[in-house]
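Q: Listed below, chain by chain, are the residues.
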Amino acid sequence: MKGRALRWAGLAVVAATVVLAVVLASRFGSDPSLVDSPLLGMPAPDFDLPGLDGSEGTELSSLRGEIVVLNFFASWCLECREEHDDLVAASDSFAGQDVQFVQIAYQEQATETLSYLDQAGSSATTHYLADPGSRTAIAYGVFGIPETFFIDAEGIVVGKIIGESDALVLGATIDSIMSGEQPGQQITGDTQQRPDG
Amino acid sequence: MLGLLGSAGVVAALIGSVLLVIRGIGLARGGEGDLRRPAKLVLAGAVVSMAAMQIALLTDDFSLAYVANHHATTTPFPFDVATAWAALEGSIILWGLVLAVFTWVVARRPADRLGAAALAVMGGVGIFFFGLMLTVANPFEVCVDALTTGCAASSPWPFAAVDTPVEGPGPNPLLQNHFLMAVHPPVLYIGYVGLTVPFAYAIGALALGVPGPEWLRRSHRATLVAWSFLTLGILLGGWWAYEVLSWGGYWAWDPVENASLMPWLAATAFIHSGLVQQRRGMLQAWNFVLVISAFALTILGTFLTRSGTINSVHSFTQSAIGPALLGFLVLVLAGSFTLFAMRSHLVASSPRIETFVSREGTFLVNNLLLTIYAFIVLIGTTYPLLLEAFTGSQVGVGEPFFNRLAVPLSFMLLLTMGFGPVTPWRGAPAGLLWRRLRGPAIVALATGLVVALTVTRVAWVILAIVLGVWVAAAIVGLLIELAGKRSAKSGSSVYTEAKTVIRNDQPFWAGQVSHIGVALVAVGIAFAANLPLHAEVELAPGDSVEFAGYTLTYQAPFRREEPNRLVQGVRVQVGQGDRVLTTLEPRANFYDNEMGGIITPAVMSRPGGDLYLTMRDLDSETVLLGLDTSPMIWLLWLGGLVTAAGGFWSLAARRRERVLPEPRVMADV
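Chain order of the listed sequences is G and Y. According to our numbering, the first sequence is numbered sequentially starting from 1. According to our numbering, the second sequence is numbered sequentially starting from 1.
FYI, nobody ran anything at the bench for these hints, they're computed from the structure. Just so it is clear, CB atoms sit at the ideal spot from N, CA and C, and this is done for glycine as well. You may find that some hints are simply not true.
Derived Cβ-Cβ restraints for the label pairs, each shown as a range [stated by the list, open to error]:
hint: 1; chain 1: G; residue 1: P43; chain 2: Y; residue 2: N530; range: 41 to 47 Å
hint: 2; chain 1: Y; residue 1: P607; chain 2: G; residue 2: D53; range: 36 to 42 Å
hint: 3; chain 1: G; residue 1: E59; chain 2: Y; residue 2: F401; range: 41 to 47 Å
hint: 4; chain 1: Y; residue 1: F356; chain 2: G; residue 2: P132; range: 30 to 36 Å
hint: 5; chain 1: G; residue 1: L168; chain 2: Y; residue 2: M604; range: 47 to 53 Å
hint: 6; chain 1: Y; residue 1: E561; chain 2: G; residue 2: D175; range: 44 to 50 Å
Some residues of chain Y that are not near chain G, with every Cβ distance over 10 Å (derived) [stated by the list, open to error]:
hint: 7; residue: V166
hint: 8; residue: S344
hint: 9; residue: V455
hint: 10; residue: V458
hint: 11; residue: A498
hint: 12; residue: Q555
hint: 13; residue: F558
I would like the entire structure built from these sequences, with the hints used as guidance.
A: Structure representation (structure tokens):
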């Protein structure tokens, strides 16, 4: 009697193993961070976030009517450091053309991000925002950074770059949005997660 | 050249593993043969491959892609040696070497049928890992396309046209920031790989249909070695995180950490349940389940952390190691449990427990708690993965989940640890437990009261102290009781008799040392988690600030060139009253291959706890300092060491024969 119960228990584990394996194996081939964002084509989740330096922040809906380039970054992220100069330059060069750059610090103390910006340089026209409790990052489904979202004048997410961006990619994407296209998602490289542990 | 040598070593080890499987199965079926030679071949091959890698690292041989991508001429000792296991391919060489040593040790005993079957299983595990080294994780690929620093393309063929870079980027800066990183992986790997031995004996016993305690008896030493090193490895990992990562923590329920905790929990449960089977013949089936789980969890942990499924910068496209590890995991689990199901009629027949108020009863409770614990960690680690697979939504399972469940479980475990050692096997006579535990309970509660009145009112801390003292007092009380009885008979002093009591059953008392270690860890965690102070201050040179009873004075910034890095930091004098205690140097280390600096904390350890300074920002006038205290954190390190020491002490005793029931005879199976 007991032996039979054990046999069934054993076989149940075998079956569970196979299910688990199928589930895990389904994730091979594509990096889990690279699924197509369900946000594409959808209204961008609104946010009202404080500035990194504690200043009065920015509300996304107040930027309606302009293209918004929304970038999640942190000082611990190598790819973010790589793309940083290009983001600053793009923000400066698109200033006054109805394009707003918003950079939200991802999983990092504001003081650390601020001191990083002091070293790396920043753009006077970019909104640098804090994200207490990562609420906005969660709303945008940020998995690893850098991730950059493009929101059109109607507040619809029309583009997303996963991985490091550069001046060329940023410029081309913004131009295509200006001409009414939806650039969609592109993957330019690796993303990173907070390297604790 | 070294690539050829290393590859030859791997091939030799692979051939040895194949021979172990073939001959081991033959011997287990009653054939003739010798398993020492193939085991020696595996060991020789593994040693040669590790030696080749070490020579390549020490002589800056950048013709090997692994060396070119993970080493630099400026990498100082001992980090050049440690670079051999700083990245995936190299760490598998270490895994293979440790496995080869364990295989060789098992093969040194004369191989009867059970031993032969176990060696065949170990050979099978060897085939997998040495096979990895020849295919998806080849550490001896030669560089065929050199970059200015590092290697862009490599070939597994040792005779390919080599394009040797002149310099490499060096290992990950976090890994060359502290000597602990050089010792932590080998120690942890001995723990992981050591669990292969009881697993191999268990599968051997199942295959031969001999579920009796013989396989436990044979693998007990290896299990203890594995457990002790695993304990030490986890401790070193936490200590490294504390000393190097500037968040002041030692544990974050990160998948990498969970990967080491899960097998530890399973192995801890197994050590206890194995004793029950050896003493009382119970839990036969359960022991198989535990040991298979413990081994499978080491593979799962390696899979989770090395394949990039969770929380990693590596995607699957970069390495085929993920599918390989997953396939192996499925093979291990499905194979083992199919075998288990086939032998269920044999494993099931074990005596039932008579009363729960007995040693075996407390072990049952402890097993239940440890298993739930491991299961919770497993669920927390894999839940995001499973949820995403089924629903597509992404969630993270954070510290609150783990803490909410792990903290009460840990307290329940501590409570059980007080009962276990003082409860006799088979059942306690009425009144005995009360007599033995009354004293410890009073001591524990009194200590709790004193702490509440003088030190802190934080409930978790008081509870941890009460339970910790309870565990320790129960053990000390038992020792005094047993020694007192002997002393009354013999007339010699209680102290002398206590030594005799310990000598007569050293493994038991060694286990109690580990229990005390665990109690210390619990108290240390309770303090460090509940009573830390934190502040952030901006100071100009000459400024002072009062923090946690210390006076901190920012003296001056400094800058220092070291062979492999640039160190930039500040000197902060720490005083108390009029006395100067020390000068701390919180700093950032800048390595060539990393853009930003690695923030490295400066720590002052005192009996009351640590003062932990991190430099958060430095400019020409001021420094932004993070100030933290970790009260009584040394209890945590000490407790971890004591826990591991108990394991090692127990090993020392097991050389002498222990009084155990005679093992069932193997010959007639």
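Q: Next, verify each hint and record whether it holds.
A: Evaluation of the provided hints:
In this structure the hint that P43/G and N530/Y lie 41 to 47 Å apart at CB holds, the actual value being about 44 Å. In this structure the supplied range 36 to 42 Å holds for P607/Y paired with D53/G, their Cβ-Cβ distance being about 41 Å. In this structure, E59/G and F401/Y break the distance hint of 41 to 47 Å, their C-beta atoms being roughly 32 Å apart. At roughly 50 Å, the beta carbons of F356/Y and P132/G sit outside the given window of 30 to 36 Å.
The supplied range of 47 to 53 Å is met by L168/G and M604/Y, whose beta-carbon atoms lie about 50 Å from each other. One distance hint, 44 to 50 Å for the beta-carbon pair E561/Y and D175/G, holds here, with the actual separation near 47 Å. Chain G leaves V166/Y outside its interface by the beta-carbon criterion, the shortest separation being 24 Å against a cut-off of 10 Å. In this structure S344/Y is not separated from chain G by more than 10 Å, as the shortest Cβ-Cβ distance comes to only about 4 Å.
Against the 10 Å criterion, V455/Y stays outside the reach of chain G, whose nearest CB is about 30 Å from its own CB. Every beta carbon of chain G lies more than 10 Å from that of V458/Y, the smallest distance being close to 25 Å; the non-interface claim holds. With a least beta-carbon separation of about 43 Å from chain G, A498/Y lies farther than 10 Å from that chain, consistent with its non-interface assignment. Every Cβ of chain G is farther than 10 Å from the Cβ of Q555/Y; the closest lies at roughly 21 Å, confirming the non-interface assignment.
Once the 10 Å rule is applied to beta carbons, F558/Y is consistent with being away from chain G; the minimum gap is 19 Å.
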